[in-house]
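Listed below are the residues making up each chain.
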Amino acid sequence: MRELVVVGRPNSGKTLFCLNFAEYLGTKTVDVTFRTFDDLLTCRHFTVAEARRELVSIVQHKTRCVQSLVLKMPLGKTTVNFKLTDTCGISETIHSSDTIRQGMAQTLSAVRFADFVIHIIDLTIVTPEFINAPANIDQEIYRYGLARRNYLLLANKIDLPEAKNNLRRLLSFLPQAPLLPISALYRKGFKEVRKYVARNI
Amino acid sequence: MERHGKQQQFITHMDPHEVLNAVAAGHITAVSALQQLYDLDKTAMPPLNREPGGDSSRQRVEDILRELDSLIGLTTVKQLVRELYAFIEIQKRRQKEHLRTEPLVLHMIFKGNPGTGKTTVARILGKILREMNVLSRGHLIEVERADLVGEYIGHTAQKTREQLKKAYGGILFIDEAYSLARGGEKDFGKEAIDCLVKAMEDHKDEFILILAGYQKEMEYFLQTNPGLQSRFPIHIDFPDYTEQELLQIAEQMCVKRQYQLTPAAKQAVLTAIRAQRNLGQNNFGNARTVRNIIEKSIRRQAVRLIAKNKTTREDLMVIEPCDILEVPECVN
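The listed protein sequences correspond, in order, to chains A and B. FYI, the working numbering numbers position 35 of the first sequence as 35, with every residue one higher than the one before it. FYI, the working numbering numbers position 225 of the second sequence as 225, with every residue one higher than the one before it.
Quick caveat, the hints were computed from the structure, so don't treat them as lab data. C-beta atoms are modelled at their ideal positions from N, C-alpha and C, and glycine is treated no differently. Just to be clear, a hint being listed does not mean it is correct.
Think about it this way: if two alpha-carbon atoms lie no more than 30 Å apart in a straight line, the pair counts; the simulated BS3-like pairs of lysine-lysine are [to be verified]:
no., chain 1, residue 1, chain 2, residue 2
1, B, LYS308, B, LYS296
2, B, LYS296, A, LYS195
3, B, LYS96, A, LYS195
Footprint (simulated), chain A over chain B, 3 or more residues, beta carbon under 8 Å [claimed, not checked]:
no., stretch
4, 66 to 73
5, 128 to 139
6, 184 to 192
Sequences and hints are given; from them, build the entire structure.
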């Protein structure tokens with residue numbers, strides 16, 4: 001079973017994307033497997049709506065460990081199972097909380113072993129300052145993913161008014177990546193993501 | 001982790017695990033960790049080959065096709081399987097280019113006498129289709145009339161559906177399928193056929209139905225149910241083996257079991273095959289009869305050897321004509 005890892009900054013919409021994408025693929029209930037830094041596994045059964053209520057928040061760093069879902073996708077005469085892994089958001093700073101730092105380490109390790117990396121960027125933060133910043137985590141994920149040739153960039157929050165301009169900026173900033181604009185909240189662009197994922201599982 | 005000081009931020013780690021631990025301990029930022037991982041993994045971990053149905057899967061299909069090629073005779077069948085493989089592959093590539101594709105209806109009819117390799121080929125097909133991601137499991141469920149037809153009204157559909165459920169993700173192989181239509185108007189076999197036809201349409205993406213049986217009976221069966229013919233786009237004929245092919249099969253079976261046939265023993269096998277063939281035209285089991293001959297001779301060889309106190313390695317492997325020639329007598 002292939003593992004797709006969703007990475008990005010805190011609050012870029014990773015968890016919401018995972019859950020809404022699962023729902024888009026026809027899943028009504030999800031079994032979320034949480035894996036903490038010290039490899040403790042817990043599995044919880046949610047309906048998608050419950051999971052959204054419990055796991056998604058507008059506060060940063062809601063997700064603090066690796067959370068995996070097993071999803072099905074019909075391909076030809078078969079359905080293929082794949083694992084969609086949601087991770088703790090990573091940023092440039094060293095966080096003061098232990099758990100979050102450990103979560104970030106987990107994220108990096110998940111990226112290393114992923115069959116496929118889905119990188120989510122929040123379009124609202126793609127300002128000129130963002131691009132000129134000396135250390136940029138998104139640029140590093142991009143560089144790493146491209147080198148491994150298993151990379152897809154999702155530009156999230158396309159529904160917001162300033163997103164259109166920022167999308168153009170992002171395109172010139174990270175030119176080589178396959179980029180799909182989406183709205184995780186309103187489920188826009190999921191059809192293209194589905195196609196892309198289907199080709200890679 | 002305590003070993004890393006504050007200055008660790010500027011030291012490159014040699015091991016990816018150390019990098020991750022340093023992130024967890026708060027010694028370095030995720031940015032510099034990714035930079036270091038990039039350098040470390042660039043050499044250590046090769047870029048992933050994401051091509052679905054890429055080299056490795058094609059290699060596996062080739063391996064299975066080679067297994068098919070190692071079967072003796074069956075030239076037309078082999079050709080057809082290769083055709084099928086090419087067809088599916090090209091349909092997939094066309095789909096990638098957004099060209100129009102033919103729907104993959106792969107229900108089949110196998111016609112041939114018993115022991116001509118129908119089940120073997122069906123098994124290999126299952127494996128190939130699994131590797132090509134056409135079937136999710138690629139297993140073979142082999143059933144006959146008795147597994148499908150029930151005892152009272154309504155029981156048949158229940159039983160048939162049960163078998164179908166087992167077959168989803170693989171192949172449902174119905175041996176002697178013509179017997180489903182044999183009993184006349186009131187027979188429950190009709191009900192089974194109706195149930196199968198419905199499943200073929202409703203679950204056409206989940207399984208492949210193969211009907212197998214003798215040539216003449218199958219043709220009669222298809223004539224009595226005009227709807228069936230068109231629902232099975234692929235018909236494969238399994239011709240009887242020639243004597244030479246049967247002899248080759250016997251040799252192959254011996255090699256697989258690590259036995260050897262002496263030239264005289266080969267002649268004896270031929271005689272035994274002829275004798276069996278003359279016994280009854282229709283009941284002749286082709287390759288299955290050959291297997292029985294060989295297995296029986298292996299047992300006879302064991303009886304012959306057990307009398308000896310000492311046996312060499314060669315003794316244990318060689319099958320003599322006297323082991324074989326007695327076979328037809330035993331049958332009678």
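Hints and how they fare:
1. At roughly 20 Å between alpha-carbon atoms, LYS308 (chain B) and LYS296 (chain B) fall within 30 Å of each other, so this suggested pair holds.
2. For the given pair, LYS296 (chain B) sits about 57 Å from LYS195 (chain A) by alpha-carbon distance, which is inconsistent with the 30 Å threshold.
3. Simply put, LYS96 (chain B) and LYS195 (chain A) have alpha-carbon atoms about 10 Å apart, close enough for the 30 Å limit, and the pair holds.
4. Here's how the stretch 66 to 73 of chain B fares: 0 of its residues keep a CB closer than 8 Å to some CB of chain A, so the rule of at least three is not met and the hint is violated.
5. Taking a C-beta to C-beta cut-off of 8 Å, the stretch 128 to 139 of chain B contributes 5 residues in contact with chain A, enough for the three needed, and the coverage statement holds.
6. Counting residues of the stretch 184 to 192 of chain B whose C-beta sits closer than 8 Å to any C-beta of chain A gives 0, which falls short of three, so the coverage hint is violated.
In the structure shown, a violation is registered for the earlier hints numbered 2, 4, 6, in ascending order.
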